[in-house]
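**Q** As a plain string of letters, each chain reads:
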Amino acid sequence: MALLKSSKMIYCLGNISPSLGVLSTRNSSWWGGVQMGPPDPILGVTEAFKKDTNPKKMNLGVGAYRDDQGKPFVLSCVRKAEAIIAAKQLDKEYLPIGGLAEFSKACAQLALGPENEVLKSSRSVTVQTISGTGSLRIGANFLARFHAGPHDVYLPKPSWGNHTPIFRDAGMQLKAYRYYEPSTCGFDFKGALDDISKIPEQSIILLHACAHNPTGVDPRPEQWKEIADIVKKRNLLVFFDMAYQGFASGDIDRDAWAVRHFIENGHNIVLSQSFAKNMGLYGERVGGFTVVCKDAEEAKRVESQLKILIRPIYSNPPVNGARIAATILNTPELRSLWLEEVHGMANRIIKMREQLVAGLKKNGSSHNWQHVIDQIGMFCFTGLKPEQVERLTKEFSVYMTKDGRISMADDSNEQI
Amino acid sequence: MSLFSDVPQAPPVAVFKLTADFREDTHPQKVNLGVGAYRTDDCQPWVLPVVKKVERLIVEDESLNHEYLPILGLPEFRSAASKVALGDDSPAIKENRVGGVQALGGTGALRIGAEFLRRWYNGVNNTATPVYVSAPTWENHNGVFADAGFKDIRPYHYWDAAKRGLDLAGFLDDLEKAPEYSIFVLHACAHNPTGTDPTQEEWKQIAEVMKRRKLYVFFDSAYQGFASGSLEKDAWAIRFFVSEGFELFIAQSFSKNFGLYNERVGNLTVVSKDNENLTRVLSQMEKIVRTTWSNPPSQGARIVSKTLNSPELFEEWKGNVKTMADRVLLMRDQLKAKLQALGTPGTWDHITQQIGMFSFTGLTPKQVEYMIKEKHVYLMASGRINMCGLTSKNIDYVAQSIHEAVTKVQ
Chain S
0 MALLKSSKMI YCLGNISPSL GVLSTRNSSW WGGVQMGPPD PILGVTEAFK KDTNPKKMNL
60 GVGAYRDDQG KPFVLSCVRK AEAIIAAKQL DKEYLPIGGL AEFSKACAQL ALGPENEVLK
120 SSRSVTVQTI SGTGSLRIGA NFLARFHAGP HDVYLPKPSW GNHTPIFRDA GMQLKAYRYY
180 EPSTCGFDFK GALDDISKIP EQSIILLHAC AHNPTGVDPR PEQWKEIADI VKKRNLLVFF
240 DMAYQGFASG DIDRDAWAVR HFIENGHNIV LSQSFAKNMG LYGERVGGFT VVCKDAEEAK
300 RVESQLKILI RPIYSNPPVN GARIAATILN TPELRSLWLE EVHGMANRII KMREQLVAGL
360 KKNGSSHNWQ HVIDQIGMFC FTGLKPEQVE RLTKEFSVYM TKDGRISMAD DSNEQI
Chain V
0 MSLFSDVPQA PPVAVFKLTA DFREDTHPQK VNLGVGAYRT DDCQPWVLPV VKKVERLIVE
60 DESLNHEYLP ILGLPEFRSA ASKVALGDDS PAIKENRVGG VQALGGTGAL RIGAEFLRRW
120 YNGVNNTATP VYVSAPTWEN HNGVFADAGF KDIRPYHYWD AAKRGLDLAG FLDDLEKAPE
180 YSIFVLHACA HNPTGTDPTQ EEWKQIAEVM KRRKLYVFFD SAYQGFASGS LEKDAWAIRF
240 FVSEGFELFI AQSFSKNFGL YNERVGNLTV VSKDNENLTR VLSQMEKIVR TTWSNPPSQG
300 ARIVSKTLNS PELFEEWKGN VKTMADRVLL MRDQLKAKLQ ALGTPGTWDH ITQQIGMFSF
360 TGLTPKQVEY MIKEKHVYLM ASGRINMCGL TSKNIDYVAQ SIHEAVTKVQ
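Chains S and V, in that order, are what the protein sequence lines are. Residues in the first sequence are numbered consecutively from 0, following numbering that gives the first Met the number 0. Residues in the second sequence are numbered consecutively from 0, following numbering that gives the first Met the number 0.
Keep in mind that the hints were calculated from the coordinates and are not lab data. Beta carbons are placed, not taken as given, at the ideal position from N, Cα and C, and that holds for glycine. Careful: at least some of the hints might be erroneous.
Stated by the list, open to error - Stretch-level coverage of chain S by chain V, calculated; a stretch enters the list once three of its residues show a Cβ under 8 Å from a Cβ in chain V: (1) 90–97; (2) 132–139; (3) 195–205; (4) 274–281; (5) 284–298; (6) 302–310; (7) 338–344.
Stated by the list, open to error - Listed next, the in silico EDC-like pairs over lysine to aspartate or glutamate satisfying Cα-Cα at most 16 Å (straight line): (8) K337(V) x E231(V); (9) K293(S) x E403(V); (10) K79(S) x E200(V); (11) K232(V) x E200(V); (12) K87(S) x E54(V).
As the list claims (entries may be wrong) - Pair ranges (Cβ atoms, derived): (13) S121(S) x K203(V): 39 to 47 Å; (14) K119(S) x P44(V): 29 to 37 Å; (15) S309(V) x K401(S): 35 to 43 Å; (16) T25(V) x Q88(S): 22 to 30 Å.
Based on the sequences and whatever the hints tell you, model everything.
**A** Right under this line is the structure:
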C-alpha cells in the first residue's frame, strides 16, 4: 500500500515526468508516451516489399516456401486431409488446454521416433502450441517459473531474430555461444565447444535441431556427439528448437537425429516443434512443446503446470491446423504422401542452391560460394554485409534481412 | 536429480474438472450445467448453419492458402469485428481512431491488452497499477492480469447475494475509492458468472465516476448478440462509453456468438484519442504479439470475416444468434415457472432477470454438492449454471433437484 501512496503523490505532481505528466492533462491521450515500435526485422521486410512498386522486385525475406512459379504451395496431403476432416462434420467444442490429444501424441512420435523409450515409459509430456513461436514462449515461461538453475539462455551466434525477445519477454537473460564462422561461412566447432565448456552449470542452452536459422549451417553427427558430451559435463538444460524436421535433408529421421541422440545420451531435453514449414501450415499455427522428464509421475506434474501457464494466455489452442497435421501423421497413405512432398520441397531447395552457385559463377563471380551448397535448409547466409544488403534493396528491389540471410525457398528458376 | 523434482502438481482448472467428472458419471439422468458452451434442445453442440455454409465456401475457394497472416491478423476481420462492437455509424471509426488486434479468443485479446497496459500504461513497465475485477468474475481474469505482470489485483463489489442482484452502491463506492488510473475490467453484457448487468442508467453512473477518477476502461465482451438476441442492445454500454470520449480496450470473443469455440477467434479493439496515438499503440501491440504467437490462426478469422462482410451472410448470422439467445430465454422462463410451481422456497425472479448464458442460482456450496453427488446435476461450486445445459427433456428433473437441494440442505 505504501507503494501506491507514493505513486499517487507522483501523479499529483504530474506534469514533471513526461510519461506520467501526460495522464493528468484532460484532453490528452493515455498513450502519449508510447513510442513508435520499430518494424519487425523479419516480417517488416515483407511490409516494405509490399509497398515497393518495382515490377522486378523479389522478396527473399520471410521463410515461407514457394513453388517453382513463386506461388505459395499447399501440400496435396494437406488438401486431402482437409477433405477428410470436412466430411466428418465435426463440432467446434473447445479443445483441452493441452490441445488435440491425437496431435500431441503424433507430434512427439515424429520427433522422438515411435519406439522411443521415453514415449514407451510415458515420461514426457507434449502440449499443442501456437506453432514454433508459441511453443518457445510456453517453454520460456515454464523455465522462468520452474527452472531452479540460472535463468540464462545461451543462444548460438547468430540465431533466429525472434528468440531473443521471446526469452526476454518471459523474463530470462540472453547469452551466446560461438556458432557461425564468417571466414568459412561454416560451423565454428572449436569456438562452440570452447564457449559451451565455460557455461555455468544448470544454465539453459538452445540448440537448433537442424537447418540452423539463419545460417543454414548444421553440425555433423560426430560434432553433435562431442557437443552432447560437453553439454552433459556442464550439466546444462537443453532446449531444442526444431522448426524444419524433414524440410532440411528431406528425411525426417535424419533431421531428428540430434534430438534423438541427446535423449539417448541421457539429456532430459525440452523441445519446440513447428509444422509451419514442413507441412506448409504457416497460418494455421501448429506446433508442439515437449518436456522429457525423469518419470511418468514428474511428467504429470509438469503437464499440470504447463496448463496453468497456457490458460491465461489463450485458454486452449486452435483446432484446425492440429487436426490437419494429426490426420496426415496418423493416416498411412497421407503420411507417405507427406514424406514424399517434404522430400520434394527439400530437394527443390537443394537444387536452387546448386543453381544459385552456378549462376553466380557464370556471372563472373570469383568469390567462393561453396557455402551456399553446404548450408542446409530454407535459409542461406550469403555473407553479404548490411551495406551490400541495403544496396540490393534500394537499387534492385531485392529484399532480404539485414544480416544477409536469404530464403532459398522463395526462389524460382527465373529469379535465380 | 531432476531439475523438475520440485515442480508441484497444479490443481486442475475447476470448470474443466467438472466436465471431466460429468463424463465419467454413468447415471442415466446426469445433467451438465458447467462449461459455458451452447447446446441445442437435444443437448448437442451446435455448429451454426451460417458457419457450415461459409466453411464450404472457404474449402471450395482454390485461391486460398495457408500463408501467414500479418502479425495483427486478417485486416478484413479486424475492421469488421471492431465495427460489430462499435456500430456501423461509429464516429470513432469514422475518425480513424479505432484499431483491432486479432487474438486467440477472448482470452488472447485480454492477455495482449493486459501485456500492453503493463508495459505502457500509467508509466512504463508499471506492475503496480491496481487492476479491479468484479466480485465474482470469470476466474481466468485474475490469471491473465497476474501473468501479464500486475501485482495488485483487487475485487470490486458487484454481486449482492442477499438481494440476488447488482450491488451498485458497493460498485460505485469502489470506483470512488480506487486510486486514480486504476484499471477496471468491465463485462460488456451477460456478466459471467452472475448474468446480472447494470441497467443503462446504472452504466451512466458508473461512467461518470470512472471519467472523474481517471479510471481505465477495459471491456470484456464475450456475448454480444448472445445475451439479448440483439447486437446493438448488447453493445450499448460499450458504445455509450466510447461516445463519452473514453479511450478504452474491448476484448471481443467470437467463441459463443459464432459457436467457433475451438478456432480461437477474438479481437482486441483499441479506441484511442486520435489516429496518431492509435498507430503507435498498434506498433507496440505487434511487438507483444510477435513474442507470444507471432501471428494468429487464419481459419476462424476467415469464417467470421466472410460472414460479417457479406450482407446476406451477416443477416443469416444474426438469425442464428437470435436462435441461441431465444432458446436460453425460453429455458429461463420455464425454470423459474417450474420452481415457482413446485413452491421452492426463496425468490426465483433473478433467473429471468439475469441475462446470457449463465445464472447465479444462489445455491450454497453444500447445496451444490448435493446436486452433484445425489442428483448427478453438475454445476459450479459458486452456484453458477449454464442455461444452455437445460433442455425440454431435463428441465423437470433439474427443477426438482434444485427444489430438493434447497429444502433438504442448508
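**Q** Could you check the structure against the hints above and give me the numbers of any it violates, in ascending order?
**A** 3, 7, 8, 9, 10, 13
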